[in-house]
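Student: Residues per chain, in single letters:
2 protein chains.
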Amino acid sequence: MKQIKKNENCKKKMEIKLDFKNVMEDSIGSEHGVSNSDIDNIREKIANAHKRVLDGRKSGELGFYQLPYQDKEVSEILDISEDIKNKFDNFVVLGIGGSALGNIALHNALNHKFYNLLPKKDRNDCPRIFFLDNIDPKLIKELIDIIDLKKTVFNVITKSGSTSETIVNFLVFLDLLKSAVGDDWKKHIIITTDPERGDLRKLAEEESIISLSVPLNVGGRYSVLSPVGLLSAAVSGIDINQLLSGAAYMDKLCSSSEFDKNPSFELDKNPAYKSAALLYLEYVKNKKNITVFMPYSNSLIGIADWFSQIWAESLGKKYSLENEVVNTGFTPVSALGTTDQHSQLQLYVQGQYDKVIVFVEVENYNSQIDIPKLYPEFNSFEYLGGKSINQLINLEKQGTEHALVKNNRPNYTIKLPEINAFTIGQLLFIIEVQTVFMGALLNINPLDQPGVEEGKIYVCKKLGRKGY
Amino acid sequence: MKQIKKNENCKKKMEIKLDFKNVMEDSIGSEHGVSNSDIDNIREKIANAHKRVLDGRKSGELGFYQLPYQDKEVSEILDISEDIKNKFDNFVVLGIGGSALGNIALHNALNHKFYNLLPKKDRNDCPRIFFLDNIDPKLIKELIDIIDLKKTVFNVITKSGSTSETIVNFLVFLDLLKSAVGDDWKKHIIITTDPERGDLRKLAEEESIISLSVPLNVGGRYSVLSPVGLLSAAVSGIDINQLLSGAAYMDKLCSSSEFDKNPSFELDKNPAYKSAALLYLEYVKNKKNITVFMPYSNSLIGIADWFSQIWAESLGKKYSLENEVVNTGFTPVSALGTTDQHSQLQLYVQGQYDKVIVFVEVENYNSQIDIPKLYPEFNSFEYLGGKSINQLINLEKQGTEHALVKNNRPNYTIKLPEINAFTIGQLLFIIEVQTVFMGALLNINPLDQPGVEEGKIYVCKKLGRKGY
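If you read the sequences in order, they're chains X and F.
Start counting at 1 in the first sequence, then tack on 238, and there's your number in our numbering.
Start counting at 1 in the second sequence, then tack on 238, and there's your number in our numbering.
Derived from the structure by calculation, the hints contain no laboratory data.
Just so we're clear, the structure is a prediction, and the values are computed from it rather than from any experiment.
Please note that the accuracy of each hint is not assured.
All copies of an identical chain are treated as equivalent in the list; a pair is satisfied when it fits inside any one copy or across any two copies.
Computed list of lysine to aspartate or glutamate pairs in EDC-like fashion (alpha-carbon distance at most 20 Å, straight line) [claimed, not checked]:
#, residue 1, residue 2
1, K523, D592
2, K359, D386
3, K525, D592
4, K376, E656
5, K611, D477
6, K379, D360
Whenever a hint applies, use it, and build me the whole structure from the sequences.
Tutor: And the structure:
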């Protein structure tokens with residue numbers, strides 16, 4: 239009993255927090271800010287959106303809500319990953335979009351920044367990890383240059399089993415594997431796809447290839463916490479139980495349910511809904527249609543790119559649920575602090591008033607780097623010596639925030655106590671909930687992507703695919 | 239004489255071309271497209287903008303125009319880089335913003351995709367290359383993990399000699415170097431800074447450290463073709479003469495001068511001006527304030543990020559040249575084909591009508607990858623077998639273009655015959671010219687960045703820097 243309590247305290251200490259004050263008109267004025275009465279004015283919309291999300295969760299339509307609670311899948315994934323660690327030196331993900339962005343985000347967030355350059359023992363004997371998420375001929379050729387196929391396993395990920403970019407990369411490596419290892423090629427492939435349908439599922443069955451299933455009710459861009467994202471994470475030593483535990487923790491934080499009774503009050507208890515509601519008001523009331531996601535950590539660039547997909551593809555829609563033409567959505571922009579202070583900040587401070595900046599701040603970076611006092615006779619060295627890099631990066635974030643507020647530019651901050659599997663699980667999950675709730679506020683379907691079909695059809699026609 | 243002619247033919251074959259048809263109203267309709275009479279209507283503005291750019295070039299204010307014609311600097315850089323190759327295994331750039339983005343862009347464009355993982359002999363005995371362009375404590379700590387300081391040289395780049403992020407990283411490594419190699423530390427540093435002023439210049443002189451100069455009239459974001467970008471390029475084996483030759487070639491292509499006589503006609507002879515004029519019309523007439531830069535090549539992601547800086551920081555301005563409040567500028571977005579077809583395309587096709595998509599297409603990828611015919615019984619494999627990856631990636635770009643045009647979304651294409659130092663030199667230079675010409679059309683100063691000062695002042699105050 240004491241153990242559990244302590245555990246809950248640890249979790250509480252690792253809870254991510256959101257600070258919305260710089261979106262509010264008290265901070266940045268009424269022309270660009272949001273007021274409490276603005277929120278009250280959409281209380282009915284919020285209550286309805288909540289009802290829709292809740293219905294989607296109950297019906298199983300919003301399948302990602304179930305992912306934090308997988309048990310069978312996790313132990314299966316851990317078994318496979320142990321086996322891989324013993325047998326292979328390279329693990330290559332073949333996937334694109336939702337079948338790669340989450341994998342890259344987790345690797346970038348939780349592994350060593352120069353993971354593939356480390357000696358094997360410093361990677362805890364885990365294999366090197368590569369993500370092939372394009373069909374650039376030079377990239378493919380140069381990946382072939384550096385991997386020994388005899389020591390390489392490929393995780394082919396496509397839910398439909400037919401994504402052309404993934405299939406062609408698979409065919410190229412399948413052919414090479416057959417030459418390199420003969421009949422053993424099957425041991426070098428793991429297929430992650432639909433549990434029943436599609437050509438890859440058929441192939442896995444016919445050839446007895448190890449496979450994992452993407453749940454039927456989880457679409458690509460919501461699949462990071464499914465076997466899609468979990469296998470490559472486990473293979474590189476990421477604690478996937480902690481990741482899911484973080485997601486479950488955030489699920490609890492975002493499950494207030496009294497919106498029909500007291501919406502504004504309840505909103506404060508649901509950080510995912512609150513950020514969606516504020517971004518929605520900034521959009522419809524203040525015309526801020528660009529969302530800049532700007533972590534102050536190189537470990538979160540991958541999450542910014544993953545956010546860009548879920549935000550763009552879920553919400554950028556032509557039609558409302560009632561089939562009216564709305565052409566709605568937000569343009570996401572990935573930025574990185576402090577780096578992009580020297581690239582994008584000038585625009586954010588002085589350009590058009592069309593953005594909300596979402597900062598991600600890290601309180602404890604795990605490593606502490608002190609700045610030595612050298613050449614104090616130089617004015618531009620002197621004030622820095624004796625401080626720490628950790629202090630400086632957080633101060634720079636405050637400086638950026640200060641400049642934005644002074645110029646009435648809305649921004650808010652997601653605070654991570656530190657970067658670990660538990661906090662990253664929370665961060666991914668809050669963004670998923672925020673996205674489907676925003677879909678409900680915008681009255682569009684956040685689960686489809688009809689706009690990408692035209693291009694696909696064009697390509698299939700040109701290549702003479704049957705049925706096109 | 240024959241030699242020169244042949245050379246000119248080779249250059250002509252490597253000329254990059256721009257195709258603007260999908261910005262024009264014939265392609266995408268008058269609501270979102272531009273017509274020839276729209277161009278005619280701003281002929282005076284174009285002529286004036288040209289005059290301003292020409293004046294800036296003549297007065298030396300636009301110093302980047304002189305960079306393709308450096309001779310002394312190039313031979314100095316090649317000497318230093320030969321020396322480095324003989325002595326070191328790692329070359330680390332310490333810089334941020336304009337002192338890193340160009341370096342990263344060149345490395346990403348012209349070197350092996352897994353350069354640092356190659357055995358040294360496959361890098362032509364060049365050192366591994368690292369770019370430290372942030373003050374993330376984890377990143378710094380993990381860079382320290384993987385480099386042997388005894389075999390590492392640091393190129394510290396900051397024009398002012400006082401950029402805080404670069405200075406603190408320098409101080410950290412300076413201290414480590416002193417412990418690791420004692421008095422030899424000076425041989426492990428190369429300083430790139432202002433020719434006369436600043437603390438780093440003083441340090442270089444006092445300690446007799448090898449140094450290079452950033453020309454006085456070249457600002458950070460226009461400095462890729464100066465010693466800022468050229469040293470790390472040369473050290474990794476990039477042909478910097480070809481790079482400058484490409485820039486010089488583009489300079490010639492963009493130097494029509496008869497705008498007061500026949501603007502529309504002359505515009506067709508100046509691709510940099512033409513793209514700026516069309517993007518300007520899309521902005522003022524059709525409210526497209528987002529510029530998506532979307533190469534179909536993983537080798538050009540770095541250029542997309544470099545473009546994002548020059549485009550955002552040069553044009554995102556509060557005041558016009560007459561000090562009126564204008565809050566103007568474009569939000570740049572980096573995207574990657576085909577990858578972002580599975581992430582951003584849905585939004586580009588169906589979201590708000592606020593974007594122009596700039597494609598970069600590569601005609602010849604140097605590597606040819608054929609798709610094997612395997613499992614033809616599967617419909618989703620069959621139509622791909624026997625084709626090539628090269629064919630597929632270009633077809634996908636056409637498919638995306640097709641979907642955009644069908645939905646009246648403006649886009650244009652920059653075509654690179656292939657990716658090499660000569661074409662990359664052209665690409666960088668055309669973007670620089672396009673940017674300053676756009677600055678003139680918008681009537682703002684494309685060379686300053688007053689909006690980033692407030693944040694800097696805040697940080698200096700908090701740290702107790704003298705004079706703040």
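Student: Next step is simple, just say for each hint if it's right about the structure.
Tutor: Tested hints:
1. K523 / D592: both (12 Å within a copy, 18 Å between copies)
2. K359 / D386: Cα proximity of K359 and D386: in one copy and across copies (19 Å, 17 Å).
3. K525 / D592: For K525 and D592, both the intra-copy (6 Å) and inter-copy (12 Å) Cα distances are at most 20 Å.
4. K376 / E656: Classified as between; 11 Å across copies, 37 Å inside a copy.
5. K611 / D477: neither (39 Å within a copy, 39 Å between copies)
6. K379 / D360: between (28 Å within a copy, 14 Å between copies)
Consistency note: the structure conflicts with earlier hint 5 alone.
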